[in-house]
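Engineer: Can you make the complete structure from the sequences, with help from the hints?
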Amino acid sequence: MIDSRKIKDKLFTGLSFIAFIIAITPLAHIIITVIMNGIASVSLEFFVALPEPPGVSGGGIANAIEGSVILVALTLFISFPVGFFSGLYLSEYASRETAEILRGITNVLSGVPSIVIGVFVYAVIVIYYGFSAIAGAVALSIIAIPYITRTTEEALKAIPKHIKEAGLALGLPEWKVNLYLVAGAAKPRILTGVLLALARVIGEAAPLLFTAFGNPFFARSILEPTDALPLLIFNYALSPYPDWHAKAWGAALILIVVVLSINLIVRYHFKKKIKF
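If you want our numbering, it's the position in the sequence shown, counting the first as 1, plus 182.
Quick caveat, the hints were computed from the structure, so don't treat them as lab data.
Backbone N, C-alpha and C define an ideal beta-carbon position, used for all residues, glycine too.
Where hints are given, some of them may not hold.
Ranges of calculated distance between the beta carbons of each label pair, as one might list FRET restraints [what the hints assert, rightly or not]:
1) Lys-369 - Ser-421: 43 to 51 Å
2) Gly-237 - Ile-212: 24 to 32 Å
3) Gly-240 - Ala-305: 36 to 44 Å
4) Val-290 - Phe-194: 32 to 40 Å
5) Leu-378 - Ala-210: 19 to 27 Å
6) Lys-339 - Phe-199: 32 to 40 Å
7) Ile-206 - Ser-292: 48 to 56 Å
8) Phe-399 - Ala-201: 44 to 52 Å
9) Val-298 - Leu-420: 18 to 26 Å
10) Glu-356 - Val-439: 40 to 48 Å
11) Ser-239 - Leu-378: 34 to 42 Å
12) Ala-305 - Pro-235: 29 to 37 Å
13) Ser-225 - Ser-277: 51 to 59 Å
Okay, derived cross-link-like pairs now, PhoX-like style, lysine-lysine, Cα gap no bigger than 25 Å in a straight line [claimed, not checked]:
14) Lys-339 - Lys-369
15) Lys-369 - Lys-358
16) Lys-339 - Lys-358
17) Lys-358 - Lys-346
18) Lys-343 - Lys-369
19) Lys-369 - Lys-346
20) Lys-343 - Lys-358
Structural biologist: The structure is reproduced here in structure tokens:
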């Protein structure tokens, strides 16, 4: 007699495997395509040289690499304190009703299209002060803050209550208990959220089109326009020059490697340290 349960189990397993293959195929195709088209452009000059004038072969993307580093650093400087203390407030101090309202606002903010955020920062900052790395970092920070906030809140909630109770029993002020004991124990999870937020924003081009704008030279100040890898990819991909197309693929390869590296660090490094 045929066991219908075994048939259903094998059918479910087979469908799950097929769904997994369908889900992973686009990622594999993207990675393979970027590697095949971008690896030829990668060289020492590609990393350390500035771009040549339009139509002239050679040069590199050092300005975009420098700009991405500046933007990521400024974004972290702006978004981490805001996101961390927002998550701390939601976890430890906000009333239930207030927390629900603030979580709803955070969820809505995380769903706002990045290009809308870019237009908003353009209207608030760029119109009055011009294109700059600061404006780009503000736009990216608005994108990153909801992720850091929610991750911090969930990380703090995951800490066993006895850690906080032990600190309070020793006579420590509540703010020290929350900031040093609870947040200290949740540090791996919080850092995981920060890295995931950076992986989210490092590839954003739309908000930077309205804020950082781009710059074919090294940035001399954070108050001046600056380039970034996503901006360079966007501009070079639309150009009529084959050499720029090749460099766009090379920049895409670097961006893919950076994002995948961040995700691997999150998955395999910090996960091992999360022990309560």
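Engineer: Does Lys-358 sit within 25 Å of Lys-343, going by the straight-line distance between their CA atoms?
Structural biologist: 15 Å, holds
Engineer: Is Lys-369 close enough to Lys-358, meaning Cα to Cα at most 25 Å?
Structural biologist: 15 Å, holds
Engineer: At the C-beta level, are Phe-399 and Ala-201 separated by a distance inside 44 to 52 Å?
Structural biologist: 48 Å, holds
Engineer: Is Lys-339 close enough to Lys-358, meaning Cα to Cα at most 25 Å?
Structural biologist: Holds, at about 17 Å.
Engineer: I want to verify a distance hint. Is the separation of the beta carbons of Glu-356 and Val-439 within 40 to 48 Å?
Structural biologist: For Val-439 against Glu-356, whose Cβ atoms are near 44 Å apart, the range 40 to 48 Å holds.
Engineer: Taking the beta carbons of Val-290 and Phe-194, is their distance inside 32 to 40 Å?
Structural biologist: Holds - the Cβ-Cβ distance for Val-290 and Phe-194, about 36 Å, lies within 32 to 40 Å.
Engineer: Given a hinted range of 24 to 32 Å, is it respected by the beta-carbon distance of Gly-237 and Ile-212?
Structural biologist: 29 Å, holds
Engineer: Evaluate the given range 51 to 59 Å for the C-beta pair formed by Ser-225 and Ser-277.
Structural biologist: Holds - the Cβ-Cβ distance for Ser-225 and Ser-277, about 58 Å, lies within 51 to 59 Å.
Engineer: Indicate whether the distance between the beta carbons of Ile-206 and Ser-292 respects the range 48 to 56 Å.
Structural biologist: 25 Å, violated
Engineer: Has the hinted range 29 to 37 Å been met by the Cβ atoms of Ala-305 and Pro-235?
Structural biologist: 33 Å, holds
Engineer: Run the distance test for Lys-358 versus Lys-346: straight-line Cα separation, threshold 25 Å.
Structural biologist: 10 Å, holds
Engineer: Mind checking the hinted window 43 to 51 Å against the Cβ distance between Lys-369 and Ser-421?
Structural biologist: 44 Å, holds
Checked against the numbered hints listed earlier, the structure breaks hint 7 alone; every other hint is satisfied.
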